[in-house]
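K.L.:
One letter stands for each residue in the lines below.
There are 2 protein chains.
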Amino acid sequence: MGTQQDISIDVPIIIVAHRGPVTFSLSPEGSRVVERGSGGLVTGLTGLVTKIRNAMWLCSPITEEDELVASEHPSGTFEVEVPGGAVQIRFIPTPAEAHQSFYALIANPLLWFTQHGLWDLSNAPSITASDRLSFENGYVEVNKVFAEATAQEVMNKGGRALVMVHDYHFYLVGSFLRRRCPDAFLLHFVHIPWPQPDLWRVLPSWMREPLIEGLLANDIVAFHTERYARNFLLTCEELLGEEVDYDAYTVKVGKRTVAVRWYPISVDVKAFEALASSEEVNFQAERLENIRREFLVVRVDRTDLSKNILRGFEAFDKMLDDHEDLAGRVTFLALLQPSRQDVDQYVEYMEKIRRLVADINLKHGNTDWQPIDLRFEDNFAQSVAAYKVFDVLLVNPLFDGMNLVAKEATLVNARDGVIVLSEHAGVHDEIGRFTITVHPCDIQQQADALFNALMMSAEERRRRRIECLKVIKENDIDNWFSSQLEEVSRLWKSLAAPH
Amino acid sequence: MGTQQDISIDVPIIIVAHRGPVTFSLSPEGSRVVERGSGGLVTGLTGLVTKIRNAMWLCSPITEEDELVASEHPSGTFEVEVPGGAVQIRFIPTPAEAHQSFYALIANPLLWFTQHGLWDLSNAPSITASDRLSFENGYVEVNKVFAEATAQEVMNKGGRALVMVHDYHFYLVGSFLRRRCPDAFLLHFVHIPWPQPDLWRVLPSWMREPLIEGLLANDIVAFHTERYARNFLLTCEELLGEEVDYDAYTVKVGKRTVAVRWYPISVDVKAFEALASSEEVNFQAERLENIRREFLVVRVDRTDLSKNILRGFEAFDKMLDDHEDLAGRVTFLALLQPSRQDVDQYVEYMEKIRRLVADINLKHGNTDWQPIDLRFEDNFAQSVAAYKVFDVLLVNPLFDGMNLVAKEATLVNARDGVIVLSEHAGVHDEIGRFTITVHPCDIQQQADALFNALMMSAEERRRRRIECLKVIKENDIDNWFSSQLEEVSRLWKSLAAPH
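Protein chains in written order, with the numbering used here: chain A, 1 to 499; chain B, 1001 to 1499.
Derived from the structure by calculation, the hints contain no laboratory data.
As the structure is a prediction and not an experimental result, all values here were calculated from the model.
One-sided and incomplete, this derived list gives chain B residues near chain A with beta-carbon spacing under 10 Å:
id : residue
1  : A1124
2  : P1193
3  : L1199
4  : S1205
5  : E1238
6  : K1318
Computed footprint of chain B on chain A; a stretch qualifies when at least three of its residues, placed anywhere within it, have a C-beta under 8 Å from a C-beta of chain B:
id : region
7  : 121-130
8  : 306-318
9  : 443-449
Cβ coordinates follow ideal geometry from the N, Cα and C atoms, glycine included.
The following block holds chain A by itself, in its conformation from the complex (with noise of 0.2 Å):
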């Protein structure tokens, strides 16, 4: 596990991400209220940020309270107490209609689409002057704000800093701040797939050429996986004919040379752990129980298209159909998080799923039994309680960036349970080789492989879980986190003379 001495580097940090470590929100007697920020980055940073020194997070505010704290701090950061210690934020406020444009119609759906190889082609996306007009008024001008406040910030500071910015909300970050601020280090760390080029064709030039560049403006960009660096190489090569080594992962653009790395993010174990062990944890966990026949399957996650939830079903339907000796002694627990109810296409899925489960419960279960027991809810306290208690977890994204589900769930579960795990998980070049891997489109090996999974011998399931624990704890968010400032002050030095 990594250590807390090693995180640490001799200058400021500033962090660029969208979601904050915090959002406010007013109890129901008026009271001003802290909460976490949801999202497993957030979880993992926010924990990290407190010990770092001379760390800063510049965020968007979410809440009308956000937008009231922001407006309270003209100068603009502020602290703010979480647990584990105390994290500097400023919240950067953008124009509501700009910021609509960026996040509602940019984005999400269009940049999420184009990464998740989401587009039903044939149909959409259908590119029209209004969405060059959110895309330039929009996305790109939200960007510009953000890059403004970082620059003032890296110029607070004295213009030398290690700015790291997140995510695919903010790919032009890096070419405003590379001439404000030169002396500053940047890096910007994608978080979601980045798919070949072919997928990329999706979007026209005139959008997509600018968002390659400015992530080329940086001086490392990040990804959680080999194969997204490699195709990010392969992406500068076709679409933007740049000079790149795919020895070295490099991108040469002029005199500049751009790192393309890759650092599997994770969890931060300990806390974590902690979290799993907290009486409200334990107390869902024991109402969970309530639930289990002989074998409980488990599925966690946001009703995104990109994780699959139908074929899931479908492939559990299967499994019912093919073992009826199983009738009456599984259920699958499925703990969905409704997400972006603004997007048509997410709302449409939501009832796709609805009628599958009834469709599947009719057929299956009977007046003491129902095969799947669904829940919409955002309660994460229950969430982790079924990273607790399932004998199978199925994640079976079509594409996921990482999937910190798998992790975190392997790290708190107490019955050595099995994963299912699709092939197009991020996670999966790290612990795939301890799961049962399918492929998220193969309806018939994903129900052969849910029954593998229950009828595993717990010699074979503890062997497995102890070996996939391992690689997890050495690759704790501390080490993930070590190893960017390492690679960071390496790259820095080397870059020293032409600065």
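Got chain A; can you put chain B on it based on the hints?
P.N.:
Coordinates of chain B only, in the frame set by chain A:
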């Protein structure tokens, strides 16, 4: 232009393709009628094959009468007169159920959708046990039967023959044939796009791997463009771990070296010019001239999802919105040949086209003028007539292996018409610089391109067409074929020692 003398090689040539150069049917009077097979490949090859000594064509019987003809030739081959000479044919009957699975479940749509990036991935494909049976008892089985018949013909000719297998129907023929006929030279030509590994990942490895291995059993694997050839190298490296050489365009498979090449297919220039000045085409052209106002925009396509027909109409609609003065002056003639009406998505697609055209005609049209003239017909003479009379030809596929419409239409157009061409059509590599390039998903860009094409000066249109014609005539169908034979001769010699 290639000359007839170029088209020769001192060994027998066996062409394997799903569709033959002719199909047979019964006239109303009950006599047997021979008709040309459909599709650009068939048109081009038929003319060629009449010029080559010692060539024969193995294909599937399509009609009932074809089956009857097949049964009348128990020894296999027979000769048929076609325009320009005679062709040796052998129909390969396959069990009806196997052929149905092979054709209607695996080749179309599974491989077609995958290679054109047409999946709506959150919904399809869901690959079941029944699909696996369709693959094994359909696709694999029909490939085996074709390979067996081909092997017989190779042996009849003494074992030394050039076998040229065509397209996505027969990816496995190479592997079966390689074992049976060690002295044959095997070339496989893929006429549809070869996408990058990310798109092949939509198929499970038990299906995608034998398909790629099957191709690697050939001596040459050929495509229409350099990009597809490169994508094939990427696929072999990433999905099979083969050793590839990106400079030499080769794949090392054990002791064998597979050459990966590209030969953009073209048109039989003289035959097509003759056709275009035939009485029937002239008659059709006169009829089409009757619908012209000032300008005629034309598209000619099968109603295939990859052809991007809906967005073409949306762009035309947008152009009429943007330029009200065009009302009553321009007509969009869409000649659409209904395609694959046994596949649900294709039936829906035609219905969507119908509704969209009705909406646009209602919105912009009046009792005197309907902006879109939509014809669902299979009338080849009318299509060639449309090539002659267009002012602007819209060719905006999402992805297209080559697209011969753009070449044929340029060849015979009588008005120095302008082509608006998708950057994702294979033909774009050759003639893109003489057209107005568009992105298939960008409606506004296509609307602007249609307008600019209509407004282009006569001098500019003439200059572009003359240069484009030069390129097309230089690389005509004879040249396409003789380039392959030259490479075969060259490589066969270099293989002489190991054989």
